[in-house]
Every structure is written in structure tokens, then in C-alpha cells.
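J.: From just these sequences and the hints, can you work out the full model?
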Amino acid sequence: MNAPEDIQVKEPGYDVSRRRFFQLAGGVAGAGIFLASCKGSKPTDTYIGTEDFALLNFLYILQQLEAAFYTQAVATPELSITKDELLLLTDVRDQEIAHAGFLKTLLGRSAIPAIAPNFSSVTFVDRTSVYTFAAMLEDLSVSGIISACTYFENQAYALEFAKMATVEARHSAYFRDSLTYNSFADGTVIDSNGLDMVATSPRTVLATAENYIFTHFDSSKLPG
Amino acid sequence: MNFKNILQQIEKADPEVYERLSGRRQILKSFGSKVAVAALPLAIGSMFKKAYGRTTDVVVDALNFALELEYLEFAFYHTANNTGNLIPAADQPGFLTIEAHEQAHVNFLTTTITAMGGTPFVPKHFTDSTTRGSFVPAAYDFTGGGAYNNVFNDYPTFLILAEVFEDTGVRAYGGQMSVFSGNALLVQAQQIATVEARHAAHVRLIRRNAGASELPAPWITNNIPPTTATQANYLGEDVTTQGVGAISIDITTITDGTGTVPKSAATAAFDEPLDSGTVTTLVSPFLKP
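Protein sequence lines, in the order shown, are assigned to chains A and B.
Numbering-wise (numbering that gives the first Met the number 0), the first sequence opens with residue 0 and increments by one.
Numbering-wise (numbering that gives the first Met the number 0), the second sequence opens with residue 0 and increments by one.
None of these hints come from the bench; they were simulated from the model.
From a predicted model like this one, the values you see are computed outputs, not experimental measurements.
Yeah, the Cβ is synthetic: ideal placement off N, Cα and C, and Gly gets one too.
Careful: at least some of the hints might be erroneous.
Label pairs and their in silico Cβ distance ranges [what the hints assert, rightly or not]:
hint : chain 1 : residue 1 : chain 2 : residue 2 : range
1    : B       : Gln-91    : A       : Pro-112   : 44 to 54 Å
2    : A       : Thr-127   : B       : Pro-92    : 12 to 22 Å
3    : A       : Asp-83    : B       : Leu-95    : 21 to 31 Å
4    : A       : Ser-128   : B       : Thr-54    : 46 to 56 Å
5    : B       : Thr-54    : A       : Ser-79    : 47 to 57 Å
T.: Below you can see the structure in the form of C-alpha cells.
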């Protein structure tokens, strides 16, 4: 009897649907179309990677954006802020710095550089402007974390980031209540099943975040 | 073994197999190292088991565990909202919102469990099967066996229990996430957990603004409970190390421009899960036998 053969199956490095396409399209034609699909990104774009690292960098972008926003909001507080509100705002800033630093650690050498945020749409001296933007960023972060979780190859990431998603929701509730008391979980963010409204794809969330970031990203390999 | 042929055969049986597999990119990743040919059938079996999620029973059990908590919260808020002179007018809309969410969660989980072929939990002393999903006050003792006799007479006491139920609910969902991992329910479980977190934040803000002695933030700081009697619900929240796999970091070593992240923020930034056994113990004083 022959000994069982060992086989080595290499990781394809791209998802199955594209692999099937190559089988059907044939080598040369497949390669041509593959090159054409890269046309959208420029060499100067910040490449966020593939698969789990792309998702981690995606979340890192969101947390950096939040950290940068609250750093500015604390440094130049809105004119009617109370001492207690400034305490809580500083706490939120530090939590987002913690989130961003954590993601940077997980990414190691795959971490993208610091993003250049664009807060030109925010009037930092104005309470409504600051708290509205804060609530929007927090809701976006909840959406981003939850939408990313199904795509993680390593589901241990999803379990860990679930711990952050609920904290972002707490932040959102606080800022919403500060703007309009009792709006912490209103119909603009909770659906008829009592579920937090979230985007289904990281791409959608990133597109929204990019409105507030000068840095251009090559997110062509971002799952979802 | 003709692997390509196997995939083609499976595709005939399930045209969506590639989406199911490539959605988490499990296919062939499991075979990244050398695999003996004899072991391939087992490996393929586990690959597809992962793609199709855990066995239904385990998932239904987790959903039913969540459903137990939602029934409790719904009964708690429904009682409070229908108790005269308890909740100040300014706070009434918020607690009506919370009650509506808890009822929606009861209905959503019940429907989901039924659709999966499971039997949805119903509270004890539930007498009318045609009103599944409704208010079952007979199942609960919200005085916690006498520890909180004033729960529906004294607003601060009510708020303490509301905060504890919501914070514990967040941690309980966190503790179930591993069961939903790899399943579409992972998203929905998180969509419920974040709503409970919003509830918790709102109640905490009320208590802070009312001058509660420990001055709670909308988030859990260190492991500080609303009262010493509820410390057990907050154990484990004061961890400062976070990690995934081999990579971990003490969050208090992260720099924030002027210094490092303080322990208060490092602990607040992550809601730590509780396993179902612990949650059951914490909730049991409020369940009538």
C-alpha cells in the first residue's frame, strides 16, 4: 500500500470568485482584465492592504479620525461647554486614542501612516456643530465595526472589536442626548426591530469617512 | 482527489457555495500547510461546517439566553412606565423608548428562533400562549429578594437597577458573540448589544446629572458599580490589556500627545464580556421561582 501523498495547496491570495473567473476566462484574457480593474487607484494613494489587514486599516482610519476630531474639540472647546462636559469630552478623546493605538499595535508594520483629517465642515466653537459631528462619527464607527466583523478571516478580531462597538454606541448616545435630550436611540438610528441601523459594507462606511479626510486611500482590496 | 470536481459538484447542489465560502475566505486557507491526502475529507468537512456556521442548537440556545434577558428588561420597564409618580416627566419619553426597544427585541428574537426551528423561551408563569412576547410580571421579583424594596417607589433605586440591567445586558451579549461568530446573526447580535449600550449610557447620564455619588460616565469606568451591592456585575471591567492572538498591549502605555491614556479611559474603551453562567447568577435574584 502506498503511503498517503502529502500535497501542498498554496493560498490563492484572492477570493474564490476571482479564481473561478480565471478558470473560465483563460490565462491571458484574465490577466488583462485583472490589470484593467486596478485603473482606479493612483500610485500616490495610501494602500490599506488586503483581507484582514485591509479591514484593520479601515477601522484604524475611523478611530484616527475620531481621535483627531476629539483632540481638536478638547483643544478648542465649544464656547458654551461646561466643566463636566469637557471632562467627558476629554474622556472620549482618550478612549478613541486608545482604540486607534490598539489598532496600530495589531497592524504592526502593515499600519498606514497618520491620516490628514478634513474638519472644514465643523465649527469648533459651536456646540451644535461639534456635537452633531461627534454623534455622526460615533454612529459611523458603530456601523464600520459591525460591518467589518463578518468579513474577518480571523474571527477573533470580530469578537474583540465587538467590545469597542458598544462603547462607540455609548459615546453616540451621550452626544445625541447632549444635543437633544432623549434622542440617544431615536428613529434616526434604531429600526423597527429595535436594532441599531448599520451599513452592510465597510466600503460604504469608508466612502462616508473619506468626506472628512484629505488622504486618498487605495482600498481596492477592502473586503465587502 | 480531484478537488476542482468536488467544488463543481457542490456548486450544483448549492449555487451560492462560493459566496458562502469566499465571504469569509475560508476556502483553501485551511489547507495553507501540507495536508495528508487521507485527512482531506475531514478537512473539507470542517471547512464547510465553518462556512455553514455552528450547529443550530448552540445558536438557538444563545438566542434564547438573550431572549430571557430581554423579557426581564421589558417587564421591568413596562412596570416602571405604568407606575404613577415614579419617573419625572422629562425622563418619561426616554424610558418609553427603551421599553419599546426591549419589546421589539423580544419579538425579533422570538421570530428568529422560531424561523430556525427552535422553541423560543417564555418566562415562567406565562399563561397565555397567544400573547407570546408580552408582559409577564409574575415571573419577576424586581426587589431582588428584598434588596431593592423601593425599586418602583424611589427613582434613584429604579435608576440603579436600570443601569445594572443594561450594562449587564451589554456584557451578556458580548459573552455570546463567539457562538454567533461565522453566522449572519453576529451582525444582528451586535445590533442589539449596541442598543443596550445606548440605553445604559442614557441611564448613566441621568444618574450623573442627578448627582449620583460615584458620578458615573455614560460608559463603565474601571469596574465601578452604581452601588457596592452590584459590584459583581462589573468585575473584570478594569482590565487594561487588550489583544488578539499573540499580539497584546497595555492600553495605558499608548501615548495621547500630552502623556499616556489614563486607566479610566483605557478601561472604559472596551466593554468586557460575561459568560452565561455568571450572567445567570447575577440575574437569578430577580427571577421568581
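J.: Of all the hints given earlier, name the ones this structure violates by number, lowest first.
T.: none
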